[in-house]
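> Sequence:
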Amino acid sequence: MKYLTLVALLITGSLVEAARLKDIANVRGVRSNQLVGYGIVVGLAGTGDSKAEFTNKSMERMLERLGMKVDGKEVASKSVAAVIVTANLPAFARAGNKLDVTVSTVGDASSLKGGMLIQTPLRAADQQVYAVAQGSLLIGFSGTGVHETVARGPNAAMIERDMGQEFASRKMFRLTLHNPDFTTAARTSKVINKELSGKYASALDAGTIDVISPPSYEGKEWNSLR
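Mapping the sequence shown onto the working numbering, position 214 (from 1) lands on 205, and the numbers just tick up by one.
In case anyone wonders, no lab produced these hints; they're calculated from the structure. Don't take each hint at face value.
Calculated lysine-lysine pairs in the DSS-like style (CA-CA distance at most 30 Å, straight line) [unchecked claim]: (1) Lys13 x Lys190; (2) Lys69 x Lys190; (3) Lys181 x Lys162; (4) Lys13 x Lys69; (5) Lys104 x Lys60; (6) Lys69 x Lys42; (7) Lys48 x Lys60; (8) Lys48 x Lys13; (9) Lys89 x Lys13; (10) Lys89 x Lys42; (11) Lys181 x Lys13; (12) Lys162 x Lys185; (13) Lys69 x Lys48; (14) Lys162 x Lys13; (15) Lys89 x Lys60; (16) Lys13 x Lys42; (17) Lys89 x Lys104.
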(Lines of atoms letter the chains of each structure in order from A and count residues from 1; the text may use other names and numbers.)
(Lines give C-alpha, C1' and ligand atoms only; values in the text may rest on other atoms or scores of the structure.)
Protein backbone atom coordinates (compact mmCIF):
# COMPACT_ATOMS: atom_id res chain seq x y z
CA MET A 1 0.00 0.00 0.00
CA LYS A 2 1.09 3.50 -0.73
CA TYR A 3 0.92 4.63 2.88
CA LEU A 4 3.42 1.95 3.86
CA THR A 5 6.06 3.69 1.75
CA LEU A 6 5.55 7.05 3.42
CA VAL A 7 8.34 9.08 4.89
CA ALA A 8 7.79 9.61 8.61
CA LEU A 9 9.02 12.97 9.85
CA LEU A 10 10.90 12.79 13.12
CA ILE A 11 11.52 16.14 14.79
CA THR A 12 13.78 16.60 17.81
CA GLY A 13 14.16 20.22 18.88
CA SER A 14 15.22 22.17 15.80
CA LEU A 15 16.62 19.06 14.06
CA VAL A 16 14.48 17.66 11.28
CA GLU A 17 15.31 14.31 9.69
CA ALA A 18 13.42 11.89 7.49
CA ALA A 19 13.18 8.13 8.05
CA ARG A 20 11.51 5.35 6.12
CA LEU A 21 8.54 3.89 7.95
CA LYS A 22 10.04 0.39 7.94
CA ASP A 23 13.11 1.78 9.75
CA ILE A 24 11.06 2.93 12.74
CA ALA A 25 8.21 0.39 12.89
CA ASN A 26 7.10 -3.08 11.94
CA VAL A 27 3.73 -4.62 11.15
CA ARG A 28 2.40 -6.62 14.12
CA GLY A 29 2.67 -10.33 13.39
CA VAL A 30 5.29 -9.95 10.66
CA ARG A 31 8.52 -11.30 12.15
CA SER A 32 11.12 -14.00 11.82
CA ASN A 33 10.97 -17.23 13.83
CA GLN A 34 13.78 -19.12 15.50
CA LEU A 35 14.37 -22.74 14.47
CA VAL A 36 16.40 -25.36 16.30
CA GLY A 37 17.30 -29.01 15.79
CA TYR A 38 19.57 -31.74 17.09
CA GLY A 39 21.82 -33.50 14.60
CA ILE A 40 25.17 -35.13 13.98
CA VAL A 41 28.21 -34.09 11.99
CA VAL A 42 30.30 -36.79 10.31
CA GLY A 43 33.62 -36.83 8.46
CA LEU A 44 35.71 -35.25 11.20
CA ALA A 45 39.44 -36.03 11.29
CA GLY A 46 39.57 -37.42 14.82
CA THR A 47 38.19 -34.23 16.38
CA GLY A 48 34.69 -35.52 17.19
CA ASP A 49 33.11 -36.62 20.48
CA SER A 50 35.23 -39.07 22.48
CA LYS A 51 32.89 -40.51 25.12
CA ALA A 52 29.47 -39.02 24.43
CA GLU A 53 26.98 -41.89 24.72
CA PHE A 54 24.18 -39.83 23.18
CA THR A 55 26.33 -39.36 20.07
CA ASN A 56 26.67 -43.13 19.68
CA LYS A 57 22.92 -43.55 20.19
CA SER A 58 22.25 -40.92 17.55
CA MET A 59 24.46 -42.75 15.08
CA GLU A 60 22.72 -46.00 15.94
CA ARG A 61 19.28 -44.53 15.25
CA MET A 62 20.44 -42.89 12.03
CA LEU A 63 21.90 -46.12 10.69
CA GLU A 64 18.70 -47.97 11.63
CA ARG A 65 16.74 -45.53 9.48
CA LEU A 66 19.12 -46.40 6.66
CA GLY A 67 18.42 -50.09 7.10
CA MET A 68 21.44 -51.09 9.22
CA LYS A 69 20.94 -52.70 12.61
CA VAL A 70 23.99 -51.98 14.78
CA ASP A 71 24.88 -51.40 18.41
CA GLY A 72 25.78 -47.86 19.38
CA LYS A 73 29.07 -49.03 20.89
CA GLU A 74 30.09 -50.50 17.56
CA VAL A 75 29.81 -47.16 15.81
CA ALA A 76 31.67 -45.12 18.42
CA SER A 77 34.04 -42.90 16.49
CA LYS A 78 35.83 -39.59 16.95
CA SER A 79 34.88 -38.74 13.40
CA VAL A 80 31.34 -37.93 14.62
CA ALA A 81 30.01 -35.07 16.77
CA ALA A 82 26.58 -34.31 18.22
CA VAL A 83 25.47 -30.77 17.43
CA ILE A 84 22.69 -28.22 17.89
CA VAL A 85 21.58 -26.55 14.67
CA THR A 86 19.91 -23.12 14.71
CA ALA A 87 18.46 -20.84 12.04
CA ASN A 88 16.12 -17.87 11.60
CA LEU A 89 13.05 -18.38 9.44
CA PRO A 90 12.11 -15.02 7.86
CA ALA A 91 8.58 -13.75 7.54
CA PHE A 92 6.90 -14.76 4.27
CA ALA A 93 9.42 -17.56 3.68
CA ARG A 94 8.44 -19.93 0.90
CA ALA A 95 8.90 -23.69 0.55
CA GLY A 96 12.04 -24.46 -1.40
CA ASN A 97 13.95 -21.36 -0.30
CA LYS A 98 17.31 -21.84 1.41
CA LEU A 99 18.46 -20.77 4.88
CA ASP A 100 21.86 -20.38 6.49
CA VAL A 101 22.37 -22.41 9.66
CA THR A 102 24.69 -22.25 12.65
CA VAL A 103 26.03 -25.53 14.03
CA SER A 104 27.43 -25.84 17.58
CA THR A 105 28.93 -28.85 19.33
CA VAL A 106 27.12 -30.49 22.26
CA GLY A 107 29.78 -32.93 23.48
CA ASP A 108 33.56 -32.67 23.78
CA ALA A 109 34.36 -32.45 20.09
CA SER A 110 37.35 -30.15 19.57
CA SER A 111 36.61 -29.10 16.00
CA LEU A 112 33.94 -29.30 13.28
CA LYS A 113 36.46 -28.57 10.54
CA GLY A 114 35.82 -30.61 7.42
CA GLY A 115 32.56 -32.01 8.78
CA MET A 116 29.28 -32.73 7.03
CA LEU A 117 25.94 -32.14 8.74
CA ILE A 118 23.56 -35.05 8.23
CA GLN A 119 19.87 -34.36 7.49
CA THR A 120 18.48 -32.52 10.51
CA PRO A 121 14.83 -31.40 10.97
CA LEU A 122 14.52 -27.84 12.30
CA ARG A 123 11.55 -27.04 14.55
CA ALA A 124 9.96 -23.82 15.82
CA ALA A 125 8.47 -23.24 19.28
CA ASP A 126 5.29 -25.06 18.20
CA GLN A 127 7.39 -28.21 17.61
CA GLN A 128 6.48 -28.29 13.92
CA VAL A 129 9.22 -28.93 11.34
CA TYR A 130 9.70 -25.89 9.08
CA ALA A 131 13.04 -26.71 7.46
CA VAL A 132 15.56 -29.52 7.01
CA ALA A 133 19.31 -28.91 7.09
CA GLN A 134 22.14 -30.89 5.52
CA GLY A 135 25.48 -29.99 3.99
CA SER A 136 29.14 -29.15 4.43
CA LEU A 137 30.25 -26.70 7.11
CA LEU A 138 32.53 -23.70 7.33
CA ILE A 139 34.41 -22.97 10.52
CA GLY A 140 33.35 -19.75 12.21
CA PHE A 141 35.35 -16.86 13.59
CA SER A 142 35.16 -15.07 16.91
CA GLY A 143 36.87 -11.96 18.24
CA THR A 144 39.88 -14.04 19.20
CA GLY A 145 40.22 -15.85 15.88
CA VAL A 146 39.04 -19.21 14.63
CA HIS A 147 36.39 -20.86 16.82
CA GLU A 148 36.27 -24.46 15.62
CA THR A 149 33.41 -25.80 17.75
CA VAL A 150 30.91 -23.50 15.98
CA ALA A 151 30.41 -23.63 12.22
CA ARG A 152 28.17 -22.14 9.54
CA GLY A 153 26.23 -23.92 6.85
CA PRO A 154 25.53 -21.39 4.06
CA ASN A 155 22.23 -22.27 2.36
CA ALA A 156 22.35 -25.63 4.13
CA ALA A 157 18.66 -25.69 5.10
CA MET A 158 15.65 -26.10 2.82
CA ILE A 159 12.35 -24.54 3.90
CA GLU A 160 9.59 -27.15 3.90
CA ARG A 161 6.44 -25.02 4.13
CA ASP A 162 5.21 -21.56 3.19
CA MET A 163 5.12 -18.87 5.83
CA GLY A 164 3.08 -15.68 5.92
CA GLN A 165 -0.42 -14.34 6.06
CA GLU A 166 -2.99 -13.16 3.56
CA PHE A 167 -2.80 -9.38 3.71
CA ALA A 168 -4.85 -8.45 0.65
CA SER A 169 -8.12 -9.09 2.50
CA ARG A 170 -7.15 -7.38 5.76
CA LYS A 171 -8.84 -4.10 6.62
CA MET A 172 -6.64 -3.07 9.52
CA PHE A 173 -2.90 -3.18 10.26
CA ARG A 174 -1.20 -2.56 13.58
CA LEU A 175 2.22 -0.93 13.49
CA THR A 176 4.65 -1.22 16.40
CA LEU A 177 7.36 1.40 16.81
CA HIS A 178 10.86 0.06 17.42
CA ASN A 179 11.45 2.85 19.96
CA PRO A 180 8.15 3.86 21.59
CA ASP A 181 7.66 7.61 21.75
CA PHE A 182 4.41 9.61 21.96
CA THR A 183 5.66 12.35 19.66
CA THR A 184 6.88 9.93 16.99
CA ALA A 185 3.62 7.94 17.14
CA ALA A 186 1.47 11.09 16.81
CA ARG A 187 3.49 12.59 13.97
CA THR A 188 3.70 9.31 12.07
CA SER A 189 -0.09 8.99 12.25
CA LYS A 190 -0.44 12.59 11.08
CA VAL A 191 1.79 12.02 8.03
CA ILE A 192 -0.09 8.84 7.07
CA ASN A 193 -3.46 10.59 7.33
CA LYS A 194 -2.22 13.54 5.30
CA GLU A 195 -0.95 11.27 2.53
CA LEU A 196 -4.20 9.28 2.41
CA SER A 197 -6.42 12.37 2.74
CA GLY A 198 -8.47 10.96 5.58
CA LYS A 199 -8.55 9.66 9.13
CA TYR A 200 -7.04 6.20 8.60
CA ALA A 201 -4.23 6.10 11.18
CA SER A 202 -4.46 6.61 14.92
CA ALA A 203 -1.86 6.30 17.69
CA LEU A 204 -3.12 4.01 20.45
CA ASP A 205 -0.14 4.66 22.71
CA ALA A 206 3.55 5.56 22.53
CA GLY A 207 4.44 2.43 20.57
CA THR A 208 1.31 1.39 18.66
CA ILE A 209 -0.38 2.81 15.56
CA ASP A 210 -3.49 1.32 13.97
CA VAL A 211 -3.98 1.87 10.24
CA ILE A 212 -7.29 1.16 8.49
CA SER A 213 -7.07 0.18 4.85
CA PRO A 214 -8.76 2.81 2.64
CA PRO A 215 -11.65 1.42 0.54
CA SER A 216 -9.70 2.16 -2.64
CA TYR A 217 -6.98 -0.28 -1.52
CA GLU A 218 -9.20 -3.20 -0.52
CA GLY A 219 -8.50 -6.37 -2.46
CA LYS A 220 -5.21 -5.06 -3.83
CA GLU A 221 -1.79 -6.59 -3.17
CA TRP A 222 -0.16 -5.51 0.06
CA ASN A 223 3.29 -4.04 -0.59
CA SER A 224 6.13 -4.47 1.88
CA LEU A 225 7.60 -1.51 3.70
CA ARG A 226 10.23 0.29 1.67
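> Now look at each hint and say whether the structure bears it out.
Tested hints:
Only pairs whose Cα atoms come within 30 Å are accepted, and Lys13 paired with Lys190 is accepted, the gap being roughly 21 Å. The suggested pairing of Lys69 with Lys190 is violated, with an alpha-carbon distance near 67 Å, which exceeds 30 Å. Only pairs whose Cα atoms come within 30 Å are accepted, and Lys181 paired with Lys162 is accepted, the gap being roughly 19 Å. The straight-line distance between the Cα atoms of Lys13 and Lys69 is roughly 48 Å, outside the 30 Å bound, and the hint therefore fails.
Between Lys104 and Lys60, the direct Cα distance comes to roughly 29 Å. Compliance with the 30 Å bound is thereby established for this hinted pair. Between Lys69 and Lys42 the alpha-carbon distance is near 9 Å, which keeps this suggested pair within the 30 Å criterion. Restraint check for Lys48 and Lys60: the C-alpha separation of about 12 Å stays at or below 30 Å, so the hint holds. For the hint pairing Lys48 with Lys13, the CA-to-CA distance comes to about 47 Å; that exceeds 30 Å, so the pair is violated.
Of the pairs offered as hints, the one joining Lys89 and Lys13 holds, with about 24 Å between alpha carbons and a cut-off of 30 Å not exceeded. For the proposed pair Lys89 and Lys42, the alpha carbon gap of about 34 Å is over 30 Å, so the pair is violated. Under the criterion of a C-alpha separation no larger than 30 Å, the hint pairing Lys181 with Lys13 is consistent with the structure, at around 16 Å. Using a Cα cut-off of 30 Å, the hinted pair Lys162 and Lys185 holds, with the two alpha carbons roughly 19 Å apart.
For the hint linking Lys69 to Lys48, the alpha-carbon distance of about 14 Å falls within 30 Å, and the restraint holds. Annotation: proposed proximity of Lys162 to Lys13 holds, straight-line Cα distance about 19 Å (limit 30 Å). Taken as a hint, the Lys89 and Lys60 pair is broken in the structure, with Cα atoms around 33 Å apart against an allowance of 30 Å. Restraint check: the Cα-Cα separation between Lys13 and Lys42 comes to about 50 Å, which exceeds 30 Å; the hinted pair is violated.
Of the pairs offered as hints, the one joining Lys89 and Lys104 holds, with about 22 Å between alpha carbons and a cut-off of 30 Å not exceeded.
Comparing the model with each earlier hint shows violations of hints 2, 4, 8, 10, 15 and 16; every other hint is respected.
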